[in-house]
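Those protein sequences? They're chains Z and P, same order as listed.
Numbering of the first sequence is given in the numbering used here, commencing with residue 1 and proceeding in unit increments.
Numbering of the second sequence is given in the numbering used here, commencing with residue 1001 and proceeding in unit increments.
Keep in mind that the hints were calculated from the coordinates and are not lab data.
Glycine is no exception: its CB is placed at the ideal position from the N, C-alpha and C atoms.
Please note: incorrect hints may appear among the correct ones.
Unchecked claim - Partner residues aside, some chain Z positions facing chain P, computed with beta carbon under 7 Å:
id : residue
1  : F58
2  : Q204
3  : W206
4  : F266
5  : L268
6  : M277
7  : M278
8  : L298
9  : L301
10 : A303
11 : P317
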Amino acid sequence: MGGHILNKFKAMFAVQHKLYQVETHAIPPMDAGLLPNDALDRFQVVPSSLMEIDDIVFDARGYFYISSKNQVFRFRAGNEEDFTVFAEFDGPAGGLNFCLDGKLMVCVAGKGVAFVGDDGALVGTVDMADALPIRCALSAVTGPDGAVYIAEGTIYHEPTDWYVDLMEKRQAGRLIRCDPDTFETEVLLSGLSYPYGVAISRNQKWLLVSESWKHTLSRFPIDNIKENRREIVVPNLPGYPGRITYSSDGGYWMCIFAMRTYLVDFVLTENKYRKMMMRSIDPAYWIRPALFSGEDFLEPLQAAHAITLGILKPWAPPRSYGLVLKMDEDFEVTKSFHCRTGGKRHGISGAAEKEGELYIVSKGNNMVLRSGEEVLK
Amino acid sequence: MTSQAKKLYLHLRWRWSIKKFLAELLEKRWMDAIIPFIVMVGVVLMFGLSVENYFSSESLAFTSRQFAETAFVALAMAITLISGGIDLSVGSMFALVNFLALFLTHIYKLPIAGVIAICLVAGITMGMFNGFLIGYMKTKAFLTTLVSMISIRALVRMLYLKHGTDIAMAGKIEPYESHVWDFLGEGFVFGIPSNVFVLMVIALVMHIFLTRSRHGWRVTAVGGGRRPARHVGIKVEKTVFFTYAVSGLLTAIGAIFYAARLHSAASETGVGLEILTLMAVVIGGVSISGGKGTPGRVLIGIIIVMVIMNALLRNGVGGALNAFIQGGILVIAIGFDVKWLKHLFEAIEKIYVVPTYMKIPKPPDPRPGSGSVFAFNSRLKDAESIGVDRVDGPEDVILDRNDCLYGCDRRGLIIRFSKDDFSKREIFANVGGRPLGMAFDAEDNLVVCVAGMGLYGVRPEGKVFKMTDETNRNWTRLRDDSRIRMADDCDIAADGKIYFSELTNRYEMDDWPIDAQEGRPNGRLICYDPVKGKTRTVVKDLVSPNGICISHDGHSVLIALTWLSKVIRYWIQGPKKGKVETVINTLPIYPDNINRASDGNYWLASVGLRTPAYDLAMEMTRFRIKMVKFVPRDEWLYPNVNWGCVLKFNEKGQVLDSLWDPKGIFVHVTSMREHKGYLYLGGLHANRIGRIRLDGANANWVGPEAYWGKK
Chain Z
1 MGGHILNKFK AMFAVQHKLY QVETHAIPPM DAGLLPNDAL DRFQVVPSSL
51 MEIDDIVFDA RGYFYISSKN QVFRFRAGNE EDFTVFAEFD GPAGGLNFCL
101 DGKLMVCVAG KGVAFVGDDG ALVGTVDMAD ALPIRCALSA VTGPDGAVYI
151 AEGTIYHEPT DWYVDLMEKR QAGRLIRCDP DTFETEVLLS GLSYPYGVAI
201 SRNQKWLLVS ESWKHTLSRF PIDNIKENRR EIVVPNLPGY PGRITYSSDG
251 GYWMCIFAMR TYLVDFVLTE NKYRKMMMRS IDPAYWIRPA LFSGEDFLEP
301 LQAAHAITLG ILKPWAPPRS YGLVLKMDED FEVTKSFHCR TGGKRHGISG
351 AAEKEGELYI VSKGNNMVLR SGEEVLK
Chain P
1001 MTSQAKKLYL HLRWRWSIKK FLAELLEKRW MDAIIPFIVM VGVVLMFGLS
1051 VENYFSSESL AFTSRQFAET AFVALAMAIT LISGGIDLSV GSMFALVNFL
1101 ALFLTHIYKL PIAGVIAICL VAGITMGMFN GFLIGYMKTK AFLTTLVSMI
1151 SIRALVRMLY LKHGTDIAMA GKIEPYESHV WDFLGEGFVF GIPSNVFVLM
1201 VIALVMHIFL TRSRHGWRVT AVGGGRRPAR HVGIKVEKTV FFTYAVSGLL
1251 TAIGAIFYAA RLHSAASETG VGLEILTLMA VVIGGVSISG GKGTPGRVLI
1301 GIIIVMVIMN ALLRNGVGGA LNAFIQGGIL VIAIGFDVKW LKHLFEAIEK
1351 IYVVPTYMKI PKPPDPRPGS GSVFAFNSRL KDAESIGVDR VDGPEDVILD
1401 RNDCLYGCDR RGLIIRFSKD DFSKREIFAN VGGRPLGMAF DAEDNLVVCV
1451 AGMGLYGVRP EGKVFKMTDE TNRNWTRLRD DSRIRMADDC DIAADGKIYF
1501 SELTNRYEMD DWPIDAQEGR PNGRLICYDP VKGKTRTVVK DLVSPNGICI
1551 SHDGHSVLIA LTWLSKVIRY WIQGPKKGKV ETVINTLPIY PDNINRASDG
1601 NYWLASVGLR TPAYDLAMEM TRFRIKMVKF VPRDEWLYPN VNWGCVLKFN
1651 EKGQVLDSLW DPKGIFVHVT SMREHKGYLY LGGLHANRIG RIRLDGANAN
1701 WVGPEAYWGK K
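Given these sequences and hints, build the entire structure.
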């Protein structure tokens, strides 16, 4: 509860508390547990030809499920070559998770959340909440009582247009609860800043929500979310947080799908330029974070990106980046795996740890990576 | 009409900026003295009008004599302050020399020349004593001169007790007879009191010494920072020693005039003079932290102080209250000095970079499959690498008649690779600075543009010589731009005249990206005539002129304007002589060097690619102003400099061909030379030189021969 006590302590000193709030605007340095390294570059590649991979989970029987394009694939750990199509949808499949009764929940872009039985057959779909279609379901999690919590990033865009939502400075995400048997929905919270990941805290008391555009991880008491007694547990991340999953030692893994840069933060404050840019320029060439970069020469370039003596500096401001954080149960970042500027394992969108081995998904570079035991130690 | 007005407005905004004017004004050295000067005028007017008869000639003569004596001491104080020290013993030295002068004239009746000589030597000796302790023994200036002040004052008091009455009596009974002596005390030169005249001469000499001579700069440099001064090879000890000796000398001169005028050997002579002069000097704008100040400012300061003091005395404010006011003024002056110095540079830094509106036409699409001549391809992918990691940043490459390859190097070197296989590397010349564009002249001298230095030549045996580093000043600019700041590329016309570009004269080499952000016409085309030895600006106010190439017919100079993505032509011969016209209106890249191709066309290197986001930023001035201010420099939006490209265009400005490097090894090609069927590539940030075979090119074509014929 270190973070909690610290927050209370800060609240006691009002002036300090104010300062602390002001500071949340600045991009924090990558220190301590966030110290950059090249661990992600040392992960092993799980050979596959899958494209647009989004998330990875495993079930109690040892099967892994991977969402890619409109399909969910299944394979067994240690036998990765043997991919089989598990289920198919009429929209790109995204976040994956399980219900208490073992149904697989699949977030489908533009469609909502699909519930799939053990045989791969569609059991039901949740596609509306409060008379608004769920177009941008990003992840779902089952609470201790069996209810399902769904993070909908925004009501305006589908997941592929996430950067449009950022550059439009939207705060239009929703948190939805649904019953996995009757598929009835209830909107718990709205106006969130792109809630990407949801998870239940290890003590089963809180619902954790990562809000990308606010660079924060918050928690809500699970028995009374609607009251919005939000408590920010990780206030100011240097990147845009995504999905959260459990680690084997009682903590959490959090994917950071892109990093903040001073230039993007600056453009977000420069409304005239931002709007002109969005109106007149191809989105691929906007000043914005990306899941991958370095492929196209019309992308904007920043000063430190200039290749000097044949070297692209890894500390250069990242347009795209690969990062997975490990947090302990008090949400202190204890460890992180990086793939820095110029690397080719960027845009990490999903992670799953099984028996001491971490599997992650690089959406930006279409890769499934496996930590191997040594890296994880 | 409105569009016309808008065009004019945009043009004016492009050319002029109040902020830029202010920044360049504040940067002027004389700006430090502007506030003291205004104060001086104000004080003189105020007291001159309020105090009766202040400007009557008699009163003025008396005041000015008094003024001159104090001013000598103030100059003495100033030179020690400028060298980073302080001389508190000036008042005591003044008293001692005064006493000495009266003693020698009235008691010993020595000839006047001898008196003056002995007095001056006495002053210098005391100064040298201080200087020896402070310079060579490394004692603190403040404490040392404080001790000198006390001990010399004690000496004066003892001498006064012993000889004071004798001097007074002797002066009355048998006055010292000397015209020179009387002249010093009461004479006039051209209607100016003698001591004021001498003061003016000495102040002028000192001004020239401090601002125009090598030794004077050393004094200022030592005051600015001892350690850096030592690092550049200045003998700090000697310089410090010297300033205290000068301080003693100047004090002695003041004291001689004082003695000649008043004949008073009072023991309290010169008490408080150190505070008075320190105050004057600091008010005048000589910085107490050293390294800044001129005699002119000292005189301004002394006038301010003397006028105030006189006015106070005339209004009956004397003694303790007077001293209190003096102290108050000193505190204010020092506070102002500190604040001014501290904030001046910050202020300049804040307003110096002034981005402006710049809209350049939409470029042809360079994307693969676009069908334009610029369409991205991979023709440079098989380029060979020469001298990997053996050359650092060959901005320009060139080959001589004997097939040797030359590349400029960031470390101030010209690297030469042996002919044929380029395996042997040698340092051909060490020119210093940052060598950039190169060209061979008719005598096979290598002409090199050196950023930070100017235009230099290297003889075939490797001897470096200066060609020029100055051009005529542009009088419509506040900043003195006669020094060539960033010579970038050069080429030589058939008559031997060397045309070279200066990318910017507002920034140094390392800051060229800031010039890009600014988008102002800060560059020019300069011509150096080696026969007459004259340098002349031929086209001024160009936006980032970079590559230079004399056309095949020798009638014009092609100039690449980097940030405008444009190539222009300046006619040096023929009916259009002196005119400028556009050759290529817009490109999807930022053009760098231009060089001749064997087939009568031209090669054009690309330093970077235009990106839509950057182009938009160039149209949005305020966005860039804020970005420069708020975003760390490493994160500024840049032109994309990570993809290499070489273009070929013809005399009419039609682009014929493009060669791209998909691997990004030859990142942003800044130069290329054709030689015997190969194209050699150089890059500002590259660690190698590239070479690619040109299909169908003339295998015997050699650059210097194309210019100067076979030998």
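Verification of the supplied hints:
1. F58: For F58 (chain Z), the interface hint is violated, since the closest Cβ of chain P sits about 39 Å away, which is over 7 Å.
2. Q204: Hint on Q204 (chain Z): violated, closest Cβ of chain P at ~43 Å, above 7 Å.
3. W206: At 36 Å from the nearest chain P Cβ, W206 (chain Z) fails the 7 Å test, so the hint is violated.
4. F266: This hint holds: F266 (chain Z) lies near chain P, its Cβ roughly 5 Å from the closest one there, short of 7 Å.
5. L268: Result: violated, 12 Å to nearest chain P Cβ.
6. M277: holds (6 Å)
7. M278: violated (11 Å)
8. L298: OK, holds: L298 (chain Z) within 7 Å of chain P, min 5 Å.
9. L301: Check passed: Cβ of L301 (chain Z) comes within 4 Å of chain P, closer than 7 Å.
10. A303: holds (5 Å)
11. P317: At about 5 Å, which falls below the 7 Å cut-off, the nearest Cβ of chain P leaves the hint on P317 (chain Z) intact, so it holds.
Going down the numbered hints, you'll see the structure goes against 1, 2, 3, 5 and 7, while the others check out.
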